[in-house]
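**Student:** Sequence:
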Amino acid sequence: MIQKIIPTNVITGFLGVGKTSLIKTLLQHKPEGEVWAVLVNEFGEIGIDASLLDTGTEQVQIKEVAGGCMCCAAGLPMQVAINQLIAKAKPDRLLIEPTGLGHPKEVLKVLTQPHYQQVLAMKACVTLVDARKLDDSRYTEHEIFNQQLQVADVVLASKADSYQAALIPRLSDYLNSINGAMSASSNESVPIKPWSLMQATELSGAIMALLDGPHRGITTVSTASLGIKSTMLGAGETNTQTPRLIDLNYSPLFSEQAPVQNIDFDGRGILRKTNQGDGFYSCGWVFDPSYEFDFDPLLALIKNLQVARIKAVMITEEGIAGFNCVDSELSIVELDDAMDSRIELLSMSKIDIERVEEALLTLAHRLRF
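The numbering of the sequence shown is full-length UniProt numbering, which starts it at 1 and goes up by one.
Calculated directly from the structure, the hints in this document are not laboratory data. Any given hint could turn out to be false.
Said to hold, decoys possible - Derived DEER-like restraints, expressed as beta-carbon distance ranges:
#  : residue 1 : residue 2 : range
1  : R368      : V80       : 17 to 27 Å
2  : R268      : S162      : 35 to 45 Å
3  : Q113      : S290      : 38 to 48 Å
4  : A165      : G213      : 22 to 32 Å
5  : G213      : D296      : 16 to 26 Å
6  : Q59       : S290      : 47 to 57 Å
7  : Q113      : T274      : 42 to 52 Å
8  : D294      : Q113      : 20 to 30 Å
9  : K350      : D264      : 44 to 54 Å
10 : E58       : S290      : 28 to 38 Å
11 : N176      : P214      : 36 to 46 Å
Said to hold, decoys possible - Taking lysine-lysine and the DSSO-like style, the derived pairs with C-alpha atoms no more than 27 Å apart in a straight line are:
#  : residue 1 : residue 2
12 : K24       : K109
13 : K90       : K24
14 : K133      : K303
15 : K350      : K193
16 : K63       : K90
17 : K133      : K193
18 : K273      : K303
19 : K303      : K193
20 : K133      : K88
21 : K30       : K88
22 : K109      : K4
23 : K88       : K63
24 : K30       : K273
25 : K133      : K30
26 : K90       : K109
27 : K4        : K133
28 : K63       : K273
29 : K133      : K90
30 : K4        : K30
31 : K24       : K303
32 : K109      : K63
33 : K193      : K273
34 : K193      : K90
35 : K63       : K24
36 : K303      : K30
37 : K63       : K30
38 : K193      : K88
39 : K4        : K90
40 : K24       : K4
Note that the structure is predicted; figures quoted are calculated from it, not measured. Heads up, the beta-carbon is just placed ideally off N, CA and C, and yes, glycines get one too.
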(Lines of atoms letter the chains of each structure in order from A and count residues from 1; the text may use other names and numbers.)
(Lines give C-alpha, C1' and ligand atoms only; values in the text may rest on other atoms or scores of the structure.)
Protein backbone atom coordinates (compact mmCIF):
# COMPACT_ATOMS: atom_id res chain seq x y z
CA MET A 1 0.00 0.00 0.00
CA ILE A 2 1.03 3.64 -0.45
CA GLN A 3 1.55 5.40 2.85
CA LYS A 4 2.97 8.79 3.76
CA ILE A 5 5.99 8.73 5.98
CA ILE A 6 4.86 9.46 9.56
CA PRO A 7 6.03 12.64 11.34
CA THR A 8 7.33 11.47 14.72
CA ASN A 9 8.14 13.42 17.88
CA VAL A 10 9.79 12.22 21.07
CA ILE A 11 8.43 14.05 24.13
CA THR A 12 10.89 13.59 26.97
CA GLY A 13 11.62 14.99 30.41
CA PHE A 14 12.25 13.84 33.97
CA LEU A 15 9.66 12.29 36.29
CA GLY A 16 6.63 14.45 36.94
CA VAL A 17 7.61 17.31 34.65
CA GLY A 18 4.31 17.31 32.77
CA LYS A 19 4.88 15.20 29.65
CA THR A 20 1.48 13.53 29.80
CA SER A 21 -0.28 16.86 30.38
CA LEU A 22 1.48 18.36 27.35
CA ILE A 23 0.54 15.41 25.15
CA LYS A 24 -3.07 15.62 26.34
CA THR A 25 -3.11 19.29 25.30
CA LEU A 26 -1.59 18.46 21.90
CA LEU A 27 -4.23 15.80 21.30
CA GLN A 28 -6.97 18.30 22.12
CA HIS A 29 -5.60 20.72 19.50
CA LYS A 30 -4.51 18.33 16.75
CA PRO A 31 -5.76 19.09 13.22
CA GLU A 32 -9.31 17.93 12.70
CA GLY A 33 -9.56 14.69 10.78
CA GLU A 34 -6.01 13.54 11.55
CA VAL A 35 -5.31 10.31 13.40
CA TRP A 36 -2.56 10.59 16.00
CA ALA A 37 -0.90 7.68 17.76
CA VAL A 38 0.81 7.88 21.15
CA LEU A 39 3.30 5.39 22.56
CA VAL A 40 3.66 5.80 26.33
CA ASN A 41 6.43 4.21 28.39
CA GLU A 42 6.30 4.10 32.20
CA PHE A 43 8.95 3.19 34.76
CA GLY A 44 6.38 1.50 36.99
CA GLU A 45 4.96 -1.92 36.22
CA ILE A 46 1.28 -0.99 36.42
CA GLY A 47 0.72 1.57 33.67
CA ILE A 48 -1.51 4.58 34.30
CA ASP A 49 -0.75 7.26 31.70
CA ALA A 50 -2.79 5.60 28.94
CA SER A 51 -5.92 6.01 31.08
CA LEU A 52 -5.14 9.70 31.57
CA LEU A 53 -4.60 10.25 27.83
CA ASP A 54 -7.54 8.26 26.50
CA THR A 55 -9.89 10.50 24.51
CA GLY A 56 -12.37 7.77 23.68
CA THR A 57 -12.15 8.51 19.93
CA GLU A 58 -10.81 6.53 17.00
CA GLN A 59 -8.69 9.53 15.96
CA VAL A 60 -6.36 9.01 18.93
CA GLN A 61 -4.73 5.60 19.38
CA ILE A 62 -2.67 4.93 22.49
CA LYS A 63 -0.35 2.06 23.37
CA GLU A 64 1.46 1.64 26.66
CA VAL A 65 4.72 -0.11 27.57
CA ALA A 66 5.14 -0.38 31.34
CA GLY A 67 7.96 -1.73 33.48
CA GLY A 68 11.06 0.39 32.85
CA CYS A 69 12.84 1.79 29.82
CA MET A 70 11.30 0.35 26.65
CA CYS A 71 14.54 0.89 24.72
CA CYS A 72 16.43 -1.68 26.80
CA ALA A 73 16.89 -5.28 25.63
CA ALA A 74 17.96 -4.06 22.16
CA GLY A 75 14.86 -1.91 21.94
CA LEU A 76 12.63 -4.90 21.21
CA PRO A 77 9.68 -3.88 23.46
CA MET A 78 9.68 -0.48 21.80
CA GLN A 79 9.90 -1.84 18.26
CA VAL A 80 7.09 -4.32 18.83
CA ALA A 81 4.89 -1.59 20.32
CA ILE A 82 5.60 0.86 17.47
CA ASN A 83 4.94 -1.77 14.82
CA GLN A 84 1.62 -2.76 16.37
CA LEU A 85 0.56 0.86 16.87
CA ILE A 86 1.34 1.86 13.29
CA ALA A 87 -0.40 -1.20 11.88
CA LYS A 88 -3.54 -0.52 13.89
CA ALA A 89 -3.75 3.28 13.73
CA LYS A 90 -2.04 4.13 10.41
CA PRO A 91 -1.47 7.54 12.01
CA ASP A 92 -0.83 10.98 10.58
CA ARG A 93 1.56 11.65 13.48
CA LEU A 94 3.28 9.54 16.14
CA LEU A 95 4.13 10.90 19.59
CA ILE A 96 6.49 8.88 21.78
CA GLU A 97 6.73 9.53 25.52
CA PRO A 98 9.63 7.64 27.14
CA THR A 99 9.57 7.13 30.89
CA GLY A 100 11.11 9.98 32.88
CA LEU A 101 13.90 7.56 33.75
CA GLY A 102 14.31 6.31 30.19
CA HIS A 103 17.37 6.75 27.99
CA PRO A 104 16.38 9.15 25.19
CA LYS A 105 19.60 8.54 23.26
CA GLU A 106 18.70 4.86 22.97
CA VAL A 107 15.11 5.69 22.02
CA LEU A 108 16.33 7.94 19.20
CA LYS A 109 18.82 5.30 18.09
CA VAL A 110 15.99 2.78 17.67
CA LEU A 111 13.83 5.29 15.78
CA THR A 112 16.60 6.08 13.27
CA GLN A 113 17.41 2.47 12.41
CA PRO A 114 17.37 1.74 8.65
CA HIS A 115 14.06 -0.13 8.67
CA TYR A 116 12.31 2.91 10.19
CA GLN A 117 13.85 5.57 7.97
CA GLN A 118 11.28 4.89 5.24
CA VAL A 119 8.46 4.80 7.80
CA LEU A 120 9.15 7.54 10.36
CA ALA A 121 10.13 11.15 9.65
CA MET A 122 11.89 12.27 12.81
CA LYS A 123 10.82 15.76 13.82
CA ALA A 124 11.72 17.92 16.82
CA CYS A 125 12.56 16.14 20.06
CA VAL A 126 10.77 18.14 22.77
CA THR A 127 12.19 18.12 26.31
CA LEU A 128 10.25 19.46 29.27
CA VAL A 129 12.16 20.66 32.33
CA ASP A 130 11.12 22.34 35.57
CA ALA A 131 13.70 25.14 35.91
CA ARG A 132 13.44 24.97 39.71
CA LYS A 133 15.24 21.62 39.60
CA LEU A 134 18.48 23.39 38.63
CA ASP A 135 18.96 24.07 42.36
CA ASP A 136 18.71 20.36 43.20
CA SER A 137 21.86 18.29 42.68
CA ARG A 138 19.77 15.10 42.62
CA TYR A 139 18.64 16.28 39.20
CA THR A 140 21.65 18.17 37.82
CA GLU A 141 23.96 15.27 38.69
CA HIS A 142 21.60 12.66 37.27
CA GLU A 143 22.76 11.24 33.95
CA ILE A 144 19.30 10.96 32.44
CA PHE A 145 18.22 14.50 33.42
CA ASN A 146 21.17 15.92 31.49
CA GLN A 147 20.81 13.50 28.59
CA GLN A 148 17.21 14.61 28.10
CA LEU A 149 18.37 18.21 27.71
CA GLN A 150 21.23 17.30 25.39
CA VAL A 151 19.04 15.51 22.86
CA ALA A 152 16.46 18.31 22.81
CA ASP A 153 15.59 20.25 19.69
CA VAL A 154 13.15 22.34 21.73
CA VAL A 155 13.10 22.84 25.51
CA LEU A 156 9.84 23.71 27.26
CA ALA A 157 10.24 25.34 30.68
CA SER A 158 7.32 23.51 32.24
CA LYS A 159 5.16 24.83 35.09
CA ALA A 160 6.49 28.29 34.22
CA ASP A 161 3.64 29.94 36.12
CA SER A 162 5.04 28.47 39.36
CA TYR A 163 8.39 30.28 39.40
CA GLN A 164 9.98 33.59 38.54
CA ALA A 165 10.82 34.42 34.94
CA ALA A 166 14.45 34.97 35.99
CA LEU A 167 14.89 31.20 36.08
CA ILE A 168 14.48 30.98 32.31
CA PRO A 169 17.87 32.67 31.58
CA ARG A 170 19.41 30.35 34.18
CA LEU A 171 17.98 27.40 32.32
CA SER A 172 19.43 28.79 29.09
CA ASP A 173 22.86 29.11 30.74
CA TYR A 174 22.65 25.56 32.06
CA LEU A 175 21.65 24.24 28.66
CA ASN A 176 24.57 26.05 27.06
CA SER A 177 26.96 24.69 29.68
CA ILE A 178 26.07 21.05 29.11
CA ASN A 179 25.81 21.45 25.36
CA GLY A 180 29.21 23.17 25.36
CA ALA A 181 30.68 19.74 26.02
CA MET A 182 29.15 18.43 22.79
CA SER A 183 30.48 18.24 19.27
CA ALA A 184 27.42 20.06 18.01
CA SER A 185 25.82 18.99 14.77
CA SER A 186 24.38 22.49 14.44
CA ASN A 187 25.49 25.93 15.53
CA GLU A 188 21.90 26.93 16.20
CA SER A 189 20.92 27.31 19.85
CA VAL A 190 18.10 25.19 21.23
CA PRO A 191 14.99 27.35 21.73
CA ILE A 192 13.48 27.54 25.22
CA LYS A 193 9.77 28.25 25.54
CA PRO A 194 7.76 28.74 28.75
CA TRP A 195 4.95 26.24 29.20
CA SER A 196 2.24 25.92 31.81
CA LEU A 197 -1.02 24.02 31.91
CA MET A 198 -2.79 27.20 33.01
CA GLN A 199 -1.94 28.78 29.64
CA ALA A 200 -2.33 25.62 27.58
CA THR A 201 -4.96 26.96 25.21
CA GLU A 202 -3.14 30.14 24.22
CA LEU A 203 0.24 28.39 23.99
CA SER A 204 -1.00 25.33 22.10
CA GLY A 205 -0.67 26.91 18.65
CA ALA A 206 2.97 27.82 19.18
CA ILE A 207 3.77 24.38 20.61
CA MET A 208 2.02 22.63 17.71
CA ALA A 209 4.17 24.62 15.27
CA LEU A 210 7.31 23.50 17.10
CA LEU A 211 6.48 19.84 16.49
CA ASP A 212 7.37 20.16 12.81
CA GLY A 213 10.79 21.62 13.56
CA PRO A 214 13.87 19.65 12.47
CA HIS A 215 15.52 16.92 14.48
CA ARG A 216 19.25 17.61 14.86
CA GLY A 217 20.24 14.01 15.49
CA ILE A 218 22.42 12.61 18.28
CA THR A 219 25.91 13.95 18.82
CA THR A 220 28.88 13.09 20.99
CA VAL A 221 29.32 14.49 24.49
CA SER A 222 32.26 14.71 26.86
CA THR A 223 30.98 14.29 30.42
CA ALA A 224 34.13 15.40 32.21
CA SER A 225 32.90 18.95 32.73
CA LEU A 226 29.57 17.69 34.08
CA GLY A 227 30.94 15.59 36.92
CA ILE A 228 29.07 12.56 35.64
CA LYS A 229 30.97 9.31 35.41
CA SER A 230 29.12 7.46 32.69
CA THR A 231 29.11 8.33 29.00
CA MET A 232 25.72 9.74 28.16
CA LEU A 233 25.65 10.11 24.41
CA GLY A 234 27.26 8.12 21.68
CA ALA A 235 27.73 8.82 18.03
CA GLY A 236 24.58 8.97 15.97
CA GLU A 237 23.16 10.13 12.69
CA THR A 238 20.84 12.89 11.68
CA ASN A 239 17.79 11.78 9.72
CA THR A 240 17.56 14.38 6.96
CA GLN A 241 15.01 12.49 4.88
CA THR A 242 12.10 14.53 3.59
CA PRO A 243 8.58 13.09 3.72
CA ARG A 244 7.55 11.24 0.59
CA LEU A 245 5.17 8.56 -0.59
CA ILE A 246 6.54 5.05 -0.19
CA ASP A 247 5.34 1.52 -0.68
CA LEU A 248 4.98 0.50 2.97
CA ASN A 249 4.94 -3.25 3.42
CA TYR A 250 3.33 -3.95 6.80
CA SER A 251 4.26 -7.64 6.76
CA PRO A 252 6.28 -9.08 8.35
CA LEU A 253 7.56 -5.88 9.99
CA PHE A 254 4.10 -4.82 11.14
CA SER A 255 1.49 -7.02 12.70
CA GLU A 256 -1.95 -5.97 13.81
CA GLN A 257 -2.06 -8.74 16.38
CA ALA A 258 -1.41 -7.08 19.75
CA PRO A 259 -1.31 -9.08 22.96
CA VAL A 260 -4.32 -8.61 25.22
CA GLN A 261 -3.40 -7.47 28.72
CA ASN A 262 -4.61 -10.03 31.21
CA ILE A 263 -4.44 -8.86 34.82
CA ASP A 264 -3.51 -11.68 37.18
CA PHE A 265 -5.51 -10.61 40.24
CA ASP A 266 -5.01 -12.50 43.48
CA GLY A 267 -7.92 -13.94 45.46
CA ARG A 268 -8.67 -10.49 46.85
CA GLY A 269 -8.96 -8.91 43.40
CA ILE A 270 -5.61 -7.11 43.71
CA LEU A 271 -2.44 -7.10 41.61
CA ARG A 272 0.77 -5.67 43.06
CA LYS A 273 4.02 -5.11 41.16
CA THR A 274 7.37 -3.53 42.00
CA ASN A 275 10.35 -2.22 40.05
CA GLN A 276 13.77 -0.78 40.86
CA GLY A 277 16.46 1.01 38.86
CA ASP A 278 18.37 4.25 38.27
CA GLY A 279 18.17 5.10 41.97
CA PHE A 280 14.36 4.81 42.15
CA TYR A 281 11.91 2.29 43.56
CA SER A 282 8.33 1.80 42.38
CA CYS A 283 5.34 -0.10 43.64
CA GLY A 284 1.96 -0.22 41.97
CA TRP A 285 -1.41 -1.74 42.73
CA VAL A 286 -4.38 -2.58 40.50
CA PHE A 287 -7.72 -3.17 42.23
CA ASP A 288 -10.49 -4.89 40.31
CA PRO A 289 -13.60 -2.76 39.55
CA SER A 290 -15.48 -4.04 42.59
CA TYR A 291 -13.31 -1.78 44.79
CA GLU A 292 -14.65 1.69 45.53
CA PHE A 293 -12.52 4.13 47.53
CA ASP A 294 -13.56 6.92 49.90
CA PHE A 295 -12.40 10.10 48.19
CA ASP A 296 -11.53 12.36 51.13
CA PRO A 297 -9.47 9.80 53.12
CA LEU A 298 -7.78 8.72 49.88
CA LEU A 299 -6.86 12.33 49.14
CA ALA A 300 -5.42 12.70 52.65
CA LEU A 301 -3.36 9.52 52.24
CA ILE A 302 -1.93 10.66 48.91
CA LYS A 303 -0.98 14.03 50.40
CA ASN A 304 0.79 12.38 53.34
CA LEU A 305 2.80 9.73 51.50
CA GLN A 306 6.47 10.76 51.49
CA VAL A 307 7.48 9.69 47.99
CA ALA A 308 8.81 11.43 44.88
CA ARG A 309 5.81 10.70 42.64
CA ILE A 310 2.28 9.36 42.86
CA LYS A 311 0.03 8.61 39.91
CA ALA A 312 -3.40 7.09 40.29
CA VAL A 313 -6.71 6.49 38.56
CA MET A 314 -9.21 5.53 41.25
CA ILE A 315 -12.89 4.63 41.38
CA THR A 316 -14.38 6.56 44.30
CA GLU A 317 -17.85 7.21 45.67
CA GLU A 318 -17.61 10.69 44.09
CA GLY A 319 -16.65 9.40 40.65
CA ILE A 320 -13.46 8.42 38.86
CA ALA A 321 -10.48 10.60 39.77
CA GLY A 322 -7.00 10.91 38.32
CA PHE A 323 -4.30 11.95 40.81
CA ASN A 324 -0.83 13.25 39.99
CA CYS A 325 1.48 14.29 42.83
CA VAL A 326 5.10 15.40 42.31
CA ASP A 327 7.22 16.86 45.12
CA SER A 328 4.04 17.50 47.15
CA GLU A 329 2.36 19.36 44.25
CA LEU A 330 -0.96 17.59 43.71
CA SER A 331 -3.37 17.84 40.79
CA ILE A 332 -6.69 16.02 40.43
CA VAL A 333 -8.80 15.52 37.31
CA GLU A 334 -12.21 13.96 36.85
CA LEU A 335 -12.28 11.07 34.37
CA ASP A 336 -15.18 9.61 32.45
CA ASP A 337 -14.33 5.93 32.65
CA ALA A 338 -11.94 3.38 34.15
CA MET A 339 -11.76 -0.40 33.93
CA ASP A 340 -10.22 -0.67 37.41
CA SER A 341 -8.45 1.37 40.09
CA ARG A 342 -4.68 1.67 39.98
CA ILE A 343 -2.04 3.61 41.88
CA GLU A 344 1.74 3.81 41.43
CA LEU A 345 4.35 5.20 43.84
CA LEU A 346 7.92 6.16 42.89
CA SER A 347 10.49 6.89 45.55
CA MET A 348 14.22 7.44 45.94
CA SER A 349 14.13 5.14 48.99
CA LYS A 350 12.50 1.78 49.62
CA ILE A 351 8.72 1.89 49.97
CA ASP A 352 6.96 0.37 52.98
CA ILE A 353 4.75 -1.67 50.69
CA GLU A 354 2.73 -3.53 53.31
CA ARG A 355 1.93 -0.34 55.24
CA VAL A 356 0.73 1.47 52.12
CA GLU A 357 -1.38 -1.48 50.99
CA GLU A 358 -3.01 -1.78 54.40
CA ALA A 359 -3.79 1.94 54.36
CA LEU A 360 -5.37 1.69 50.91
CA LEU A 361 -7.55 -1.24 51.90
CA THR A 362 -8.91 0.62 54.92
CA LEU A 363 -10.23 3.28 52.51
CA ALA A 364 -12.07 0.86 50.22
CA HIS A 365 -15.16 -1.28 50.20
CA ARG A 366 -16.20 -3.85 47.61
CA LEU A 367 -19.34 -3.49 45.56
CA ARG A 368 -21.56 -6.41 44.66
CA PHE A 369 -22.38 -6.87 40.99
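**Student:** Does each hint fit the structure? Answer for all of them.
**Tutor:** Here's how the hints hold up against the structure:
Checked against the hint of 17 to 27 Å, the C-beta distance between R368 and V80 comes to roughly 39 Å, which is inconsistent with it. Take R268 and S162: their Cβ atoms lie about 40 Å apart, and the range 35 to 45 Å holds. Checked against the given bound of 38 to 48 Å, the beta carbons of Q113 and S290, roughly 45 Å apart, stay inside it. For A165 and G213, the Cβ-Cβ distance of about 23 Å falls inside the hinted range of 22 to 32 Å, so the restraint holds.
Judged by the Cβ atoms, the range 16 to 26 Å given for G213 and D296 is violated: they are separated by roughly 45 Å. Take Q59 and S290: their Cβ atoms lie about 33 Å apart, and the range 47 to 57 Å is violated. A beta carbon spacing of about 32 Å between Q113 and T274 contradicts the range 42 to 52 Å that was offered as a hint. Remark: the range hint 20 to 30 Å for D294 to Q113 is contradicted by a beta-carbon distance near 49 Å.
At roughly 24 Å, the beta carbons of K350 and D264 sit outside the given window of 44 to 54 Å. E58 and S290 have their C-beta atoms about 30 Å apart, which keeps the hinted 28 to 38 Å range intact. Our hint of 36 to 46 Å for N176 and P214 is violated, since their Cβ atoms are close to 20 Å apart. Among the hinted pairs, K24 with K109 is consistent with the structure: their alpha-carbon atoms are about 26 Å apart, no more than 27 Å.
At roughly 20 Å between alpha-carbon atoms, K90 and K24 fall within 27 Å of each other, so this suggested pair holds. For the hint linking K133 to K303, the alpha-carbon distance of about 21 Å falls within 27 Å, and the restraint holds. The hinted pair formed by K350 and K193 fails the criterion: a straight-line CA distance of about 36 Å is larger than 27 Å. A distance of roughly 13 Å separates the Cα atoms of K63 and K90; the hinted pair therefore holds under the 27 Å criterion.
At most 27 Å may separate the alpha-carbon atoms for a hinted pair to count; K133 and K193 meet this at roughly 16 Å. For a cut-off of 27 Å, the pair hint linking K273 to K303 stands: about 22 Å separates their Cα positions. At most 27 Å may separate the alpha-carbon atoms for a hinted pair to count; K303 and K193 exceed this at roughly 31 Å. Of the supplied pair hints, the one linking K133 and K88 is violated, its CA atoms being roughly 39 Å apart against a limit of 27 Å.
Distance restraint check for K30 and K88: the Cα-Cα separation of roughly 19 Å lies within the 27 Å cut-off, and the hinted pair is therefore satisfied. Our distance criterion of 27 Å between C-alpha atoms is met by K109 and K4, whose separation comes to about 22 Å. Pair hint K88 plus K63 holds up; C-alpha atoms about 10 Å apart against a cutoff of 27 Å. Simply put, K30 and K273 have alpha-carbon atoms about 35 Å apart, too far for the 27 Å limit, and the pair is violated.
At roughly 30 Å between alpha-carbon atoms, K133 and K30 are farther apart than 27 Å, so this suggested pair is violated. With a C-alpha separation of about 22 Å, the suggested pair K90 and K109 falls inside the 27 Å cut-off, and the hint holds. Between K4 and K133 the CA atoms are separated by roughly 40 Å; this puts the pair beyond 27 Å, and the hint is violated. Restraint check: the Cα-Cα separation between K63 and K273 comes to about 20 Å, which is no more than 27 Å; the hinted pair holds.
Distance check on the hinted pair: K133 and K90 sit about 38 Å apart at the alpha-carbon level, beyond 27 Å; violated. About 18 Å separates the Cα atoms of K4 and K30, which keeps this hinted pair within 27 Å; it holds. About 24 Å separates the Cα atoms of K24 and K303, which keeps this hinted pair within 27 Å; it holds. Between K109 and K63, the direct Cα distance comes to roughly 20 Å. Compliance with the 27 Å bound is thereby established for this hinted pair.
Proximity of K193 to K273 is assessed by CA-CA distance (about 37 Å); at most 27 Å being required, the pair is judged violated. Taking the CA atoms of K193 and K90, the gap is about 31 Å. The hint is violated against a cut of 27 Å. For the hint pairing K63 with K24, the CA-to-CA distance comes to about 14 Å; that is within 27 Å, so the pair holds. Taken as a hint, the K303 and K30 pair is broken in the structure, with Cα atoms around 34 Å apart against an allowance of 27 Å.
For the given pair, K63 sits about 18 Å from K30 by alpha-carbon distance, which is consistent with the 27 Å threshold. Only pairs whose Cα atoms come within 27 Å are accepted, and K193 paired with K88 is rejected, the gap being roughly 34 Å. For the hint pairing K4 with K90, the CA-to-CA distance comes to about 10 Å; that is within 27 Å, so the pair holds. A distance of roughly 24 Å separates the Cα atoms of K24 and K4; the hinted pair therefore holds under the 27 Å criterion.
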